Amino acid sequence: MTWTLGALPVLLLLMGFPVFVVLLTAATVTLALYMSVPMVALQQTMFASVNVYALLALPFFIFAGEIMDRGSIAERLINLVRASIGRVPGKIPLTAVGAGAIFGAISGVGAASVATVGKVMYPSMKNAGYNDGFSSGLLVSVGAVGVILPPSIPMIIYAAAADQSIPRLYAAGIGPGLLIVFFLGLYCLWVGRSHPGDDTSPVTLRHLWGALKRGVWALGVPVVIIGGIYGGVFSPTEAAAVACLYAALVTVVGMRVLPLSGLLEAAISTVRFSAQILIIVACAGVFSWMITVNQIPAQLVSWITAADLSAWQLLLGINILLLLIGCVLDPLSAILLLTPLLVPIITAAGVDPVHFGMILAFNLAIGLFTPPFGINIFVMQSLFRVPLPVIYRGLTPFLVLYFIALMLVTYVPAISQFGVDLLM
Amino acid sequence: MLSLIARISDAIRAVLAILLMVAVLLCCVNIFFRYFFNISYLASDELQVFAMVAIAFLGAISISSERQHLRMDVLVHAAPRSVKRILGVFEAVITAGAAGVMAWASYGFVQRIYMMDQRSSMADLPMWLPHGTVLVCFGSIALIAVLRIPQLLAGEGEGA
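Here the protein sequences line up with chains S and D, keeping their order. Here the first sequence stands for residues 58 to 481, where the numbers follow this note's numbering. Here the second sequence stands for residues 1283 to 1442, where the numbers follow this note's numbering.
Worth flagging that the hints you see were computed from the coordinates, not collected in a lab. Keep in mind that a hint or two might mislead.
[To be verified] Partial chain S-side listing against chain D, Cβ under 7 Å, derived:
#	residue
1	Met-72
2	Gly-73
3	Glu-295
4	Ala-298
5	Cys-301
6	Leu-302
7	Leu-306
8	Val-310
9	Val-328
10	Ser-331
Please read all numbers here as calculations on a predicted model, not as lab measurements. All C-beta atoms in this analysis are idealised placements derived from N, C-alpha and C, irrespective of residue type, glycine included.
With these hints in hand, go ahead and build the complete structure from the sequences.
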């Protein structure tokens, strides 16, 4: 049976089959060959995997992000961040870090942040004398912060797959997200010292007020989401729906930058993206049920226990595995494939599943920009025609920073716990 | 036939987009009434989830039609064209088989709950409707995969 739930899916995955076909094939073959369960169990389990209220947050958050992406929110955010940074070295890359983190967080999708923030910030960084390697490396890596900071879409998927609370996971993402933003900011300050061509304008009240007037509505989205959830006003799903309504009102009625047809286009795009993910969620539910009833996680736990690995060795091994998988598989598919296998193992080792959610998200965020196949790299290359070797070279210092932050997040649970203690 | 399926799935996607907007509005209206009038429409959550179920399964038809499913294709990209073609045919056959089995399993279940007239607990919606989206989804995906096989054998396109 191990081959149908282990070797077969790996083989089909390597052959480039769609992830949902991989999971469905493994499940149907196992059911047909080794189990005496009626076929209707497939339907019931699959339907139950998607018939989950908490999962509604996924299409709703994607919709909110789509509306904001089409409504020039990023440009307003960039102006606001830039206007609020004083006369410091590396002001332009610092602006990219701040705007990338905020936009990545509210859109929840890394590649969208690279494209949207990059369109404005990449020409500015080039004009200020920053080389292509540094500029592209920064924009590609800061785009991954959205996977870690709330409201992250991979966190919703992890919460559904691991049966964990979305508000707890969101709260836990604040510490690791701010940590990597801090690291990136420090590096930009250091690099900026040798770039006198950078913007040296001071903060002026008039400039700041103008930017605030144009950008304040954009900042309302995270306030609505975080304030709504942790103020006890909404559930995460309701917060996502309110974020959609808010974004639609701001861009269509308030700022008048998005026509009604743009709203429909955003909804169509949301349906496409949501269906891509939800069909995998449905098939992963069946796959997960198969491996659970066949006691595969229990067997894995007993092997790991027999190997007598300590928690730190186990986490190191899992980090290496996740980094490798993150290089070739998108974060959402990776979460759905690995969560049912890894959560029982880490729970047996005494690791909090919420803390593990942060480790998982951090690893998969790194996977978004790890050479050679990180999706953010290809967004950068296709939008700005930067040669791949230049991007790879430019990414090196940012990968080092992310690895250091990953080790801290892995071995200092207090970094994840900080947000939970603060908000819950 | 494939182009007809593509047109139908485009239309389904537009309907699903409107359904998504309705679900958002339903959720927001429910929050508004809960806080300002102390009234809750109990069927709201159920209807929103069924809308998501429809997006998941009916939306997957257009994803299949456009070959936009998520996959790990970095290794296959590097393969020669002939290997890609063989893998494409193999993928179409496996997809048709797995989706066909799923559609068959779904048909049995949907038929049973239709006969029993099973209804949802809050909205009193016939349950064969949301469950039927699974049947339509995998039936269509199997059909798309079968129709692609002759194309792939003739050397047109890649994968299912």
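Consistency of the hints with the structure:
1. Met-72: 6 Å, holds
2. Gly-73: 3 Å, holds
3. Glu-295: 6 Å, holds
4. Ala-298: Holds - the Cβ of S:Ala-298 comes within 7 Å of chain D, reaching about 4 Å at its closest.
5. Cys-301: Status holds, d = 5 Å.
6. Leu-302: 5 Å, holds
7. Leu-306: 10 Å, violated
8. Val-310: Violated, about 14 Å.
9. Val-328: Holds, because the Cβ-Cβ distance from S:Val-328 to chain D comes to roughly 5 Å (cut-off 7 Å).
10. Ser-331: S:Ser-331 check passes; min Cβ-Cβ to chain D is 5 Å, inside 7 Å.
When held up to the earlier numbered hints, the structure conflicts with 7, 8 and fits the remainder.
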